[in-house]
Amino acid sequence: MKKMFGRFLAAGLALLMTVALAACSGGGEAKTVKIEDLAKQLVDGLTWKEELMEVTSESVMQNYYQVDMADVKYWALYRSSSGATAEEIAVFEGTDAEAAGRIKDAVSTRVEDLKFAFEDYVPAEMPKIENAVVYTSGNYVVLVTNDDDAAALDMVKKFFA
Amino acid sequence: MHDRRTNYFLRVLIILALAIGITTLIATLWQRSEDAQYGENGTKNYELPKSIVSAVETVKGLFGGGAGESSESSSSESLPESASLPSSESSASGGESTSSESSSASEVTESGLVPEREKASDSYFDDAVFIGDSLTEGIKAYELLENATVLAHQGINVDSILTKEAISSGGGRITIPDALMRLDKVGKIYVMIGANGIAWMDNATFIKKYGALIDKLEECQPNAIIYVQSMLPVNEQTIIDQGQYEPITNDSIDDLNSRLMKLAEEKGVYYVDVAEAFKDETGGMPAEATPDGIHLNAPYYQKWFDYLLTHTVPGDIGG
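Residue numbers (our numbering), protein chains in the order written: chain H, 4 to 164; chain F, 36 to 354.
No false leads were mixed into what you were given.
Distance windows between CB atoms, simulated:
#: 1; chain 1: H; residue 1: 115; chain 2: F; residue 2: 55; range: 46 to 54 Å
#: 2; chain 1: H; residue 1: 122; chain 2: F; residue 2: 258; range: 32 to 40 Å
#: 3; chain 1: H; residue 1: 105; chain 2: F; residue 2: 46; range: 48 to 56 Å
#: 4; chain 1: F; residue 1: 316; chain 2: H; residue 2: 127; range: 26 to 34 Å
#: 5; chain 1: F; residue 1: 323; chain 2: H; residue 2: 46; range: 20 to 28 Å
#: 6; chain 1: F; residue 1: 257; chain 2: H; residue 2: 126; range: 36 to 44 Å
#: 7; chain 1: H; residue 1: 141; chain 2: F; residue 2: 315; range: 47 to 55 Å
#: 8; chain 1: H; residue 1: 115; chain 2: F; residue 2: 150; range: 41 to 49 Å
#: 9; chain 1: F; residue 1: 345; chain 2: H; residue 2: 72; range: 29 to 37 Å
#: 10; chain 1: F; residue 1: 293; chain 2: H; residue 2: 163; range: 54 to 62 Å
#: 11; chain 1: F; residue 1: 323; chain 2: H; residue 2: 127; range: 16 to 24 Å
#: 12; chain 1: F; residue 1: 60; chain 2: H; residue 2: 50; range: 46 to 54 Å
#: 13; chain 1: H; residue 1: 122; chain 2: F; residue 2: 156; range: 34 to 42 Å
#: 14; chain 1: F; residue 1: 55; chain 2: H; residue 2: 129; range: 54 to 62 Å
Computed from the model, here is a short list of chain F residues facing chain H with C-beta under 10 Å:
#: 15; residue: 168
#: 16; residue: 190
#: 17; residue: 191
#: 18; residue: 208
#: 19; residue: 325
#: 20; residue: 326
#: 21; residue: 335
None of these hints come from the bench; they were simulated from the model. Think of the CB as a built atom: it goes at the ideal place given N, C-alpha and C, for glycine as much as any other residue.
Required output: the full structure, derived from the provided sequences and hints.
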């Protein structure tokens, strides 16, 4: 009887650990999906002057955002494919709150770069840059440059609510 | 009795250890499978617009897969990612081709016009630097040319390119020529100054300033081959409809391009007539190619890269 109890105990513990480890592994996926969902909602839910292009290359992303990849858990970036507009969506998940703070600095620098690029070139793009939505929630940092900044902010807030 | 109990606990411990081992193995395999699914940046890829997928797939076929390692070169610390130097391996190949590149333009045509040739290899752009305005700046968004260096800025023109501090460097900004000078082993320089500024500058002044720019580029990188690219046509109607830019005519651009070709000949540099790849039957940019009359949609960037790969000087078919 004792022998049988021991076996059940061992098997039960193994099962418990398997479930626990699986849960840890699955945590990252949930966050990733969330970032994708937010970026996609913004692409689909707002009006854009031109079709946005998704950036999937890390080195291309770093052409625009000078982030330390050790700070970044996940990211998603959509930008103007022609460069004719300042329209952009960037969503980052930092590894922790401090990392998110540094990512936010990089996002603010990106906004300044956009201002520098467009102020003398296409002044009509300036309102969306000056009113850019830069939103942080926990480890997440979001940037949206769109003519309808109020709608963009509303969507982002609702997403994190 | 004591031995039986010891044996019993020993067995339980062994079973536990085995369970931990198996669980760890399963978790590791699980994680690896996830990593493979999500890619190196941790983002799960979702579908690109069809036009972009088509462009990317086509150019992937042209360029192959391996690009982008050049940004790890050590001597580019003071420049942004986009202005990083070619890798030593790439530079070596670029260096090899420089000797043949530096031969006179008469090997191509008497005017320095680069004709169509066999397609260059995927490492062709490893030692290339692209200099220009917003059209050139757009190259940075395309993974397929991430092995090239881009020194460009929206709104820069032939007048301001020598003086405007447009390139981020070490927390500040420097001019494009200064950034170019800091690069090592540049094999070739592609320059294109587009429609910015031509509305308020007469053609003779434009060409004079362009000549000064070529001189400066040669001064910055005396061993690099210089390719002057023709200005791209515009869609006149889209520009008028949107009212975003000063009206520009393709007749004016054609005139400037013929002057640019002559200038290239005088300066002993090469001239690449990329504009011919973009002209429709009216001699202008097709409406579907551009969102605002001047800038290019994604598939037309691919046309541009494709044209450059098939218009190279002899001996410069890749790294």
